[in-house]
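J.: So the chains spell out like this:
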Amino acid sequence: MAALAVLLWWAPLAAQASNGTIIGRVTDASSHQALEGVTVSVGDHGALTTAEGRYIIVGVPAGTQTVRATIIGYADATKTVTVTGGQTVTADFQMTAQAVGLSKIVVVAYGQQRAGNITGSVKQVTPTEFNKGRIVTPQQLIQAKVPGVQIVGSNEPGGGQEIRIRGATSINASSDPLIVVDGMPLASGGGISDGRDPLNFINPNDIASITVLKDASAAAMYGANSANGVILIQTKSGRQAPHIEYRGSVSASTVTRLPDMLNAAQFKAAVQQYAPGNVSQLGTANTNWFNHVDRAGIGQQHDLAVSGEGNSMDYRLSLGYLNQRGIIDGTDLQRLSLGLNYDQRFFDDHLDIRTNLHTSHEVDNYTPGGVISNAAQMGPTQPVLDPNNPTGYYEWPGNTLQSADNPVAALRLATDKGHTDRSVGNIQAEYDMPFLESLKAHINLGYDLTQAKRETFSPSDLHSQLKTGGGGNVYWRTPSMLNTLLETYLDYSAPLDVLPGKVDLTGGYSYSQSHAEYPWFSASQLSTNLLGVNGVPGAQTSQNQQDIEDSRLISFFGRLNYDLNDRYLLGLSVRRDGSSRFGPANAWGVFPAVSAAWRISEEPFMKGRTPLSNLKLRVSWGKTGNQSFANYQQYSTYLVGDAQSQAQLGTQFVSTIRPSAADPDIKWETTKSWDVGLDYGILNQRVTGSIDWYRKNTSGLIFTVPVAAGTNLSNYLTTNIGSMRNTGIELGLDADILKGGANGLSWNASFTVSHNTNDLTSINPYGGTAAQQQILTGLVAGGVGTYIQVLQPGQPINSFYVYQQKRDKNGKPIYSDNNGLDSLGHFTGKPDGVINEQDLYVDQNGDGIINQADRRPFHDPAPKWIIGHTSNLTYRQWDLSFTLLAYLGNWVYNNVASNLGNYQELSRASPYNLQASVLYTGFATPQYLSDYYVQNASFLRMDNITLGYDFTYHGQPLRVYGALQSAFTITGYKGVDPTAGINGLDNNIYPRSRTFTGGVSVRF
Amino acid sequence: MIIRIRKALVAAVGLLLVATTACTNTTVQPKSTVTGANVFNDPGAYEAFLAKLYAGLAVSGQQGPSGKPDIQGIDEGFSQYLRLYWEAEELPTDEAVIAWNDVGLPNMNTMTWGADNGFVRAMYYRIYFQVGMVNQFLRETTDDKLDARGVSASLKAQVHQYRAEARFLRALSYWHAIDLFGNVPLVTENDPLGSTPPKQSTRVDLYNYVVSELKDIEGQLPAPGPDTYGRATGPAADMLLAKLYMNAEVYTGTADYADAMNSIQQVINSGFYSLDPSFHHLFQADNNTSPEIIFSIPQDGIHTQTYGGVNFLIHAECGGSMDPSAYGIDGCWWGIRMRSQAYNHFSAGDGRASFFYTSGQTVDVADIPTFTDGIAASKFTNMTSTGQAGSNPGFVDTDFPMFRLGDAYLMYAEAVLRGGGGTRAQALQYVNALRERAFGGTSGDITDTQLTLPFILNERERELLWEAHRRTDLIRFGEFTGGSYIWEWKGGVAAGTATDAHLDLYPIPGSELIANPNLKQNPGY
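These protein sequence lines map, in sequence, to chains A and B.
Okay, so the first sequence: first residue is 1 according to the numbering used here, each after it adds one.
Okay, so the second sequence: first residue is 1005 according to the numbering used here, each after it adds one.
There may be inaccurate statements among the hints.
When the alpha-carbon atoms are kept at most 20 Å apart in a straight line, the in silico SDA-like pairs for lysine to any residue are as follows [what the hints assert, rightly or not]:
no., chain 1, residue 1, chain 2, residue 2
1, B, LYS1035, A, GLN634
2, A, LYS830, B, THR1501
3, B, LYS1072, A, PRO479
4, B, LYS1072, A, LYS830
5, B, LYS1035, A, HIS515
6, B, LYS1072, A, TYR635
7, A, LYS739, A, ASN684
8, B, LYS1072, A, ALA661
9, A, LYS739, A, ALA749
10, A, LYS440, A, ASN684
11, B, LYS1247, B, PHE1481
Since the hints were derived computationally from the structure, they do not count as laboratory data.
With the rest of the complex left out, here is chain A (with noise of 0.2 Å):
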């Protein structure tokens, strides 16, 4: 920072009184408005242009002088002018436009850039460009536009969004790309809520831009925090004339697909063959529990935005509402949302304040827990109303452990509902210093509140509560967190006077700290179930807890941006983090990152010379952090245990401490990555696109793994200990096929294809085979404890580890008794009378026996291609777009059929009804490891379709429009949805739903 105080000093210097100076104003030729940014030299002095585009060039000789502006995307300009000793002479410009998307102004970490200067992998995507239709959470905004953005979500109305920026690349800490909103960065995955995405505080109709930072020299200026990519999140400011605009629209949704289960002819001809004990049972109904839990989710949106500008202000404020029904019974969400953006500037815009603020109050509702799996579960002869039970709802007699609840009484007697109130907010205040021109200080203060409440409440009298002799349950949770950040930094921004070109250079320091609680409650055994969530009755047992985490981290940062006429860039950051959750040998952590790019199109021998208008060759390099992992693992700690846990010492009951393994050394899991990328430019900059091929190395890994038994306190200890890679390519192309002017048609389609490989390399310092380091993840439904996925050196995360199913010709699984034991326990070959394990599974190992050791790793849940496609088309007064996702390569566990497709489930207290694939694998028991429920899911969507018509009405633009969400999918996969979760766990997730839109959108 001494070298860069020394260089502002020293610029100023160079005026004498025998020379004039020279100021202007430059502006865009078309739309007249200022450009920023721009580099007006005379000979060797130059300027850039404010954001006024405004430009003061002081000390030039007197005499005839040639004064030339220069900005990517347009033409050059040059202007001769007389110079006057000691005068002041203007040079007003007007650019023309040569290639627009070269001169877009990009949202990068701590400032902007123009796209054409952008030395990483950066891609910003604006509201044009946003998918349409019911859309509740931001992030859905951006799905499949974006090369390398994963983006899975809960299909709930506003459920958790998760998000995989160029694969995951941790474990145990957070995958999830850090999210900075105006500025202000959230907490890891976006925050707390009760239960529904974090992001649902900002209404997608507020968002001006989404800018996903791709590459480390991007996102390493946020350092510890920036190893999955950042996404930087801008909402609207006032723009224009003052104006209120106004947007409604209304929303039905179905569902897509559910279990496949049996109807209640094939569910009683199956009891009666494999579990005739339990027929007696059976009724008379033809109940479908699906058509009683699902129904047509109706939702609505309204909108309403004041905002307009004036000459040292804009404005915007903007109210939503949004109410919308889930296609499950019992889900809905409501949600009010504010939006204020201020911005005011003083002393002749010298200074400028930004205020921004998001803020938001949540209602969800929730389906009770239960209902989806009891719909699967629950005998289809049964029926759904009992006069003879209290509840008036039927339920399988004996209330054992062993039989499935009628989810219809779950769905009406339970509860389970929360809500979140968020409130995130800045003032931004940037200072164009007086001493110095284009040296610029900014302040960033800035706050994110949330408090949530989560409360569920089981009635005594349902079934779940009276098998269990739980006596009813109530439960809250209130989650609390508030963020507080204070940023400054300064930026200077000039043309070089020792060297040719211009630098960009900032600094800052930033502080942010975190208070969260989280205290819960639940009480059971309830004297009365008349007070529901609201109340506490008497309960036998109740237990309640405390945790508070507190966090905080301190960074310095710096950054050189070098552009040499637009042609040669470099960009060096570095940023130091000290964080709360490092262990004190490690509290600071740098993270450095550098970038080149080499624009070829602006070389003489191409210039001018081919179609090619940008072709941009960059490479980049930096070191990323991840510090998204639980506070205090350092500490060695004693726990506290609660009531339930105490030992009985004599007579009395004593509650219990622990002390806890800690890594006092834990530190932040480091990702190194090179990026090499191409953007590339044609007609004109109407086909445009880039090609990336990148590898990210994650070391550090932290992982939970064994320690040598006795030493520690733990049979495991939290360690930075393994390590990843990440290898992809991928490609984006924007094209403007068809080019009709206001009245013809016209065509614009872009494509983004990526392709990602992720390997664990390491897992376990200690040595020992890939298959001895192995840790089981991957909890799924069916037994207790079954881990259907593996981490392993070598292969993919989470890939599937499953026994061989043998096969006959066809594919089909060979469920007969072929292979028995001999008394050493070994394969004879010939029956033995019990179809088991050996009957099934391929020895892998050849020992004769089938056990752990042949479980082999499978395929992995991780697309390995995504590809997107969106269409905009327009005519005349009329505009459709659709956009396609495809998804190649992805592999999904379906649960349902693993743990309800065997007879076996028939011989329970009380029957469960079987998931169909039971009818042709014929499996008796449950064959959980099985490789037959690893499948292919494989599928292309159509995403969404939207038709509108724009037209004028009362000389007021006004927009009409339908758009079709999930219109169709076709997929290989067998179960409920191919995208199901990020995990590729198929275990009664919530159904996807086909949602129609209609709204109108007015401005006046």
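Once you've looked at the hints, dock chain B against the given chain A.
T.: Same frame as chain A, but now just chain B:
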């Protein structure tokens, strides 16, 4: 005016930059957990830490019944010490099968476990979790540390007794390690806390260490009384010593029945215990009042909740047409039954068979996952001796009688028969005392000629069924592996088959061989 404001602004920006760069302290101490630095500021911490050492046998973590588990890598309910120990001692034997298909569990029924078996692994880690906790307790309670913290003289005396109790618990777990795994590392409070992998010890070294520990603490442990219920006492240490001596030939290659006899006599003659007039009472919700129990793992429906322990036993032994409310519980887990061999060892009139549940159950276990295959038994129950249900149908009050006088009587008889001293007359008297309680009179008494080692093995099964002794007993009698005694599904075949002798020891978990390169796997794995 504007210039002044500007100057002020410049100054403010400058100041802010300077002031903020000064704040570089990243330390944030935890608030809602207690750290090692301050935990012993509370004098109650010593008792609370001791309580954890006991709780390590009774519950699975710091949140009852489930949550904040002690060990990882396995379902928490499965990870409970007593549940794992019970499964290791009972499931491979003629006494029990369990119906469930959870990965690794069926192999416990059939002696087909490998080094990756999750239940074997969890048992190993459970043992060393106990050892690690005790070692840390001993490190934190040395006289030096107590003096440095300025604890009162009375507390210091108290802590001295706590230390002896802690060492008893460590000895108990090391006994399990010797019995189940054989040659495993010996880690004590003198080893540093950290991640340096310990060396492998021999079974003999461990045996000698545990014996010397128990001899050393015997005198420091309190005498039995109301305040020591569920805790280590002098006779409990003697009983544990007796267990080691009885199996010395298995553990060390050298029999030591004389010392076994000596320790057994110390227990019996201590005068603190008598046979409970009611056999059933030993396994009921109020069994804490039984005069027979020497060392128990207490459970409680309100205070000590777990999905393991006796709660697991009572729920898992219930299924078929059994009515859970008859046993004071909320539901059946459809798990444990006897194999036909064990059932057939009981004769008519034996009251110890009176809790067998035969309705709808077959004698033979044709199919292990089918609960109705095999005779069920409600030996453990959450009903009190007066017919009341326990305090909570979800979590039982019934304590686990790990050591009891009845066992000591049978050990006495066995030690006599194996030449450890004592008298046959006394042995016969003890055996018949148990049989008279079982048969409600002398109808089941045996004669001196019937008092043989094979009889003792079968009598131990009848008396101690499902009390987690069977595997150790069968090994001591040479009947566990091999082909001399075959039971249903032994070796994974319905009729049963001979098994290899290496199965007398469980494998050291594969994950442990990676974590600790000093270790060599037990032979045969």
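J.: Hints first: check each against the structure and report whether it holds.
T.: We went through each hint and held it up to the structure:
no. : hint                  : verdict
1   : B:LYS1035 - A:GLN634  : holds (14 Å)
2   : A:LYS830 - B:THR1501  : holds (17 Å)
3   : B:LYS1072 - A:PRO479  : holds (19 Å)
4   : B:LYS1072 - A:LYS830  : violated (48 Å)
5   : B:LYS1035 - A:HIS515  : holds (11 Å)
6   : B:LYS1072 - A:TYR635  : holds (16 Å)
7   : A:LYS739 - A:ASN684   : holds (13 Å)
8   : B:LYS1072 - A:ALA661  : holds (13 Å)
9   : A:LYS739 - A:ALA749   : holds (12 Å)
10  : A:LYS440 - A:ASN684   : violated (34 Å)
11  : B:LYS1247 - B:PHE1481 : holds (14 Å)
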